[in-house]
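Engineer: Spelled out, the chains give:
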Amino acid sequence: MLPNVIAGIIWLGISAYAIFGGADFGGGIWDLFAGGPEKGRRPRALIERAIGPVWEANHVWLIFVLVYLWTAFPEPFVSIATTLWIPLTLAALGIIFRGSGFAFRKWADTVGRQRWYGAWFAGASALTPFFLGTVVGGVASARVPLGNAEGDVFGSWLNPTSLLGGVMAVVACAYLAAVLLTREAVLDQETDLAEYFRLRGLIAGAAAGVVAIAGIFVLRWDAPSLYEGLLSTRGIVLIIGSAAGGVASLWLLWNRRFLAARPTAALATVAVLWGWGAAQYPWVLEDAASIEDFAASDPVLTAMIIAFAAAAVLVVPSLVWLFRLTQTRSLVEGDIRADSTEALMIKNQTPREKA
Amino acid sequence: MAISLGFHIILAALGIGFPLITLIAHWRGLRTGDNHYLELARRWAKTMAVLFAVGAVSGTILSFEMGMLWPGLMGPYGDVIGLPFTLEGVSFFLEAIFIGIYLYGWKRMSARLHFLSLFPIVLAGIAGSFFILTVNSWMNSPAGFEIVNGEVVNVDPWAAMFNDATAVQYTHMLLAAYMVSGFLVAGVYAWGWLKGRRDRHHKLGFIIAFSVAAVAAPIQILVGDTAARRLIDAQPAKFAAMELVTEGGSNAPFTIGGILVDGEVVGAIEIPGLGSLLGTRSFDGELPGLDDIPPDEIPPVNIVHISFQVMVAIGTGLLLLSAWFAIRWWRKKSLPESRWFWRLAAVSGAAAVVAMEAGWITTEVGRQPWIVWQQVRTADAVTNADGLIWSLILITVVYVGLATASVLALKRISRGFASGQDVATPYGPPVPEATGD
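Heads up: the sequence lines are chains A and B, in that order. Read in the working numbering, the first sequence has 354 at position 354, and its numbers run on one by one without any break. Each number in the working numbering corresponds to the 1-based position in the second sequence with 1000 added.
Calculated directly from the structure, the hints in this document are not laboratory data. You may find that some hints are simply not true.
[Unchecked claim] DEER-style ranges, computed between Cβ atoms:
# : chain 1 : residue 1 : chain 2 : residue 2 : range
1 : A       : L199      : B       : L1194     : 56 to 62 Å
2 : A       : D287      : B       : L1394     : 58 to 64 Å
3 : A       : A260      : B       : L1394     : 41 to 47 Å
[Unchecked claim] Sample of chain A residues at the chain B side, in silico, Cβ under 10 Å:
#  : residue
4  : T82
5  : L84
6  : A103
7  : R256
8  : P299
9  : L301
10 : L344
[What the hints assert, rightly or not] Chain A regions said to be covered by chain B (calculated; three or more residues, Cβ under 8 Å):
#  : region
11 : 63-71
12 : 196-203
13 : 209-218
Please read all numbers here as calculations on a predicted model, not as lab measurements. Glycine is no exception: its CB is placed at the ideal position from the N, C-alpha and C atoms.
Chain B extracted, bound-state conformation (with noise of 0.2 Å):
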């Protein structure tokens, strides 16, 4: 499942990201007339194209997971979170529509209809982002019903959506699919940039894609660090794991880097003070420590500490990153010369990929045991059926499969761009047959 939902959540944030890129260089293209935005448009939505699609299969097998591995979620519980995920699969149905719209669109529809069809792809998008999210703000913040008698009574559908983990969540996930997205369509450019191909093609595919990340990188931070301070109060096991208080109180330290041994912190730098700081705004303000937490309902500590410091240096570094093109730009409106700012942008995609799922292993290993927190214990949501490891191996085997052979097909479709050749996508229309290579 893990291993699902994390292959999944990269295609997600391409699916919401890839959109928005795709309209900006679509609406550039427009205005001013030059073919190279629109031409990175049509090859952008392309590749969006494919993404989607093996964004729809590993989705459907996802639908099929939730019910055979828990059971203990899904049987209680399935209606108090069904309708956002009922939601979703109105906004990807969309999505899928008019992408297959956008596509065809190129030859037979008015120009501004069609650049008007983009618009439902990057709301679609947004949209079904937010739905699925709001089931997993819920697991990290339950409401919307009550138990009587160890029965679930009263469900609110929409309350249970709009828990008080949904905004701030939601706005963390959005930027970093933005963050994702771009950076990893800029790190194609960057790579192409490095090897020699600085034609205006790639100049411009660099400077849409890598922006639209830029501006997400600072207000991530920001949105970050809301996320990170609310947990003090409403899920302390976890804040206290991310940032390794072992003991809680004021003036806590701030550490870097370090792992828990035997309940001792080894080989970490801690900043003393800094942690109240940073998390109160103040010295004397208390921070939840491990010795508060009841010892069963601790989570694996090291995993979610690593996972969430791999997180913020990353992003730190995107910022700084960021904020080097942002610089230069604002002085000499032109591209950072250096080599390793190029070797840099082209690594920044696997590395906001990288975030993300540190981001995301954070807030799932950080609410361990439970899997809705306070209410159910992923071990007593887990299936009673034996064998299901099988399944469970075949599936990630296939998975692997699947990466790889995405991978390919990119790749494929790129050399496909670079020799000028038209590339046959889902959803598109049919291209006239190749005449071998």
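Just chain A, with the same shape it has in the complex (with noise of 0.2 Å):
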């Protein structure tokens, strides 16, 4: 029981990790394809206003993914952690890259440096989401045998199930991000900023559905045992859950119906995931070691429990205070609330200018 818990407590995270770090990487992605520094400026404009506010706290949902993991399933952990060592890597330093990009960007002196710190952030958005997606391939198509570094070092992530991994998850950010990126650009009244991200979401979008159509052939052939599990009740019911939100966001895209497309966008990401999760179960490494026999003992679990909980108490309303502090639109730059530190600084300076 507590073993299933935990796998779940690790899913809720890698959907968190999905969609908001797809979201950030996905502006990345739109970031890439924004066209030259003068053409490009207001979308880019745009993406770094709509993400620069969370920015890189979105990894926390991937450092708390690889810390539940290792704690719950360390044997599992290490075997994809030593097996699958070259594209971890290659995410790693994408993640640097992507964040040192971004942040050095903002105070690069001239347009060249921008560009350059630009083409970092641009690149490794895009690269960092398909190494990760190539992980899970390899972990979904039982290609990481139980071990330290008992793997194919290359084939492991270099095969079709990580192909179609890495594919899927680029264009599930790129999606992401332009959904969101519609309804900001509506806020801040740029209304053919809008458009332009709803374009590029419905291709997007469409794109998506065509990988994942052409995922479950490729799962057929070459992840027969993920394949199998994917047939089950759960896995179709997934399956349909993720076309239908799929389907859904991509109407209510057309129809311009910015803010309603955004959970429905999040939800066929969400199923994607659930639906690899439910094919896998109850295996963390697909045909090599199952949850139940691989968890830590019970009181670490339950330790880890307890963790979450206290975590769920502590940063859900923090982050809702933040996101709330974030979004108020109404007050424009130079708006200052009449009792705030700011108001209080320009009451000390007045007395002694005019004195």
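Work from the hints to combine the two standalone chains into their complex.
Structural biologist: The following block contains the structure:
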């Protein structure tokens, strides 16, 4: 029982990373395709405004997943990390380049340097989810055996299922970001940018659909064991859920219902992930390590659930508070709350300047 | 891994110390109605956000590396030490969120709530570092599990966290973080002072940061002494290497400097009996020597001894510098005038960083050949994957780049501050587009 609960929590973490981190990466992908400095200036500015506040904090979800995985399933975690070290290293490098490129672009003095850092940021934004996707593909297609670097260092991530995972991840990120950015553009009263991202969202969404359908055939051929799991009742339910979410969000996007398109796009993404989870259940490492047999002992798992509950109680309200603060757009630049610190500072200043 | 950690530890220290000095500045600002304090708090918070963002990236990399490099540690023991990592993740997330809230709060929250939003940052920094440190103290003093037939069983993650080394090691680290942050920030203002920037802004910035470090310095010496003496029984090999005790027993000398060549101490000043006196508070006290340790369990003695002494020497120097500041302030209520004070203060931050790194090297290398003391040898914990050296080289190169770029970014920001321009930071609200410079 406990191991399943923890596996569920890990999947929640993966889902959160896919949605929030995915939209983040996707922003970078659209930055990559935004064209030259002049043409791409406004879309880039919108992307920067939209992902600025949360920025690298989204990687916390990834850290969360890694930590929960190694605590609850130490042996499988080590097997994944040692066999798939190449894509993992590349993803780690991608995260470094992405974060630093994004930050340093802001402070770059010349357009040339801005472009250089911008290229780091945007390129890494596309490559990082791709490599993480290949890792998923390697695990799902039973290419990670148990043990210290026992798997094929290249074959474990250079294979059809990994390629599918990588492409799927990139397309999904791009789609999520486009959906997010349409609404952001409307809030900023930049209708033409909303149209710009609507078009891109429709293209990415359609592409995601095509990749997902093609993916089913890839899995049938390359990952038969996973494919079998996917055809179970829960697998089918989730496939239908994902398809429904995808179609609904495309329809909403088409009709410019940008806010409503957000949850449905998220649903489509999450359903794909849970479909993978359902297909792979009860294995942590497909065909090599089961959730029950390779979980840590009960006291550890209990402690982890307590930690998770504490985190939920502390983190969720604070996060909501932060999002509300960042989303208050009625406060234009220069608008200051009467009892705020800034107002206090202005008050402090006045008597001396009058004197 | 060592490079990633050595880099991350500096950011971590700043993530603990910076919030505290920001809090003090903000509090003084509210108390006195002096905008200089509040302006300092605002700038420090922005700098903190930049450092925190870099720390987030390097922290993510570390969690990748844990599994990729140390399967022999994370496989059998991942569940024993996983809990503190989990809790650290929570603290880290909270710290990031509240830095964002604080940065956004200048104009958008009541002044009172805005000030209060600093407390979670300070507390989350303290808590997060505590959790991570429990993992390190566990590696020195493993607890919370049993080994039956080669299998790790009966895991108690709470007992693993609160092991025998935790209390003293954590206090030592926390104070180190306050010293590093205080001296580094004060060093920036001292540098400005030397260059003739002696306005109220620089004066207050220096005083707040330096005071935090100066208060921590004397306590640190006492805690450090306790930490070292604890090792006599807990980790004799580390102790013997740190103090370069070649022959154990009573009336052991205290060795300053020197290296070990073929089992002989060369180039050292030895003060007879002082080693025993310092270690056990008695000339007759028995100290463990390298001759008591099985040859295959002796750490690289010279590295441990030299780093330990570097740490102690710098710590003592910083204590004297703090005393200079304190005495002057106590007698004349003013800052020292001697240029030498300001020169030393300007480099005190770098010195504190060196001391912290040296201390970290002491505890890590001093534990060798074990990664988990008397449980797992480092050689058995490392990955079997070939070619991983490339991953290490690549990540190292990137870290060098990241460090350089961080410094450049900080310089850029400080130039922005100096010219009175608002500066955009991660987690913070957007600023109107700068009109070129």
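Engineer: Checking each numbered hint in turn, tell me which of them this model violates, lowest number first.
Structural biologist: When the structure is compared with the hints, numbers 2, 7, 12, 13 turn out to be violated.
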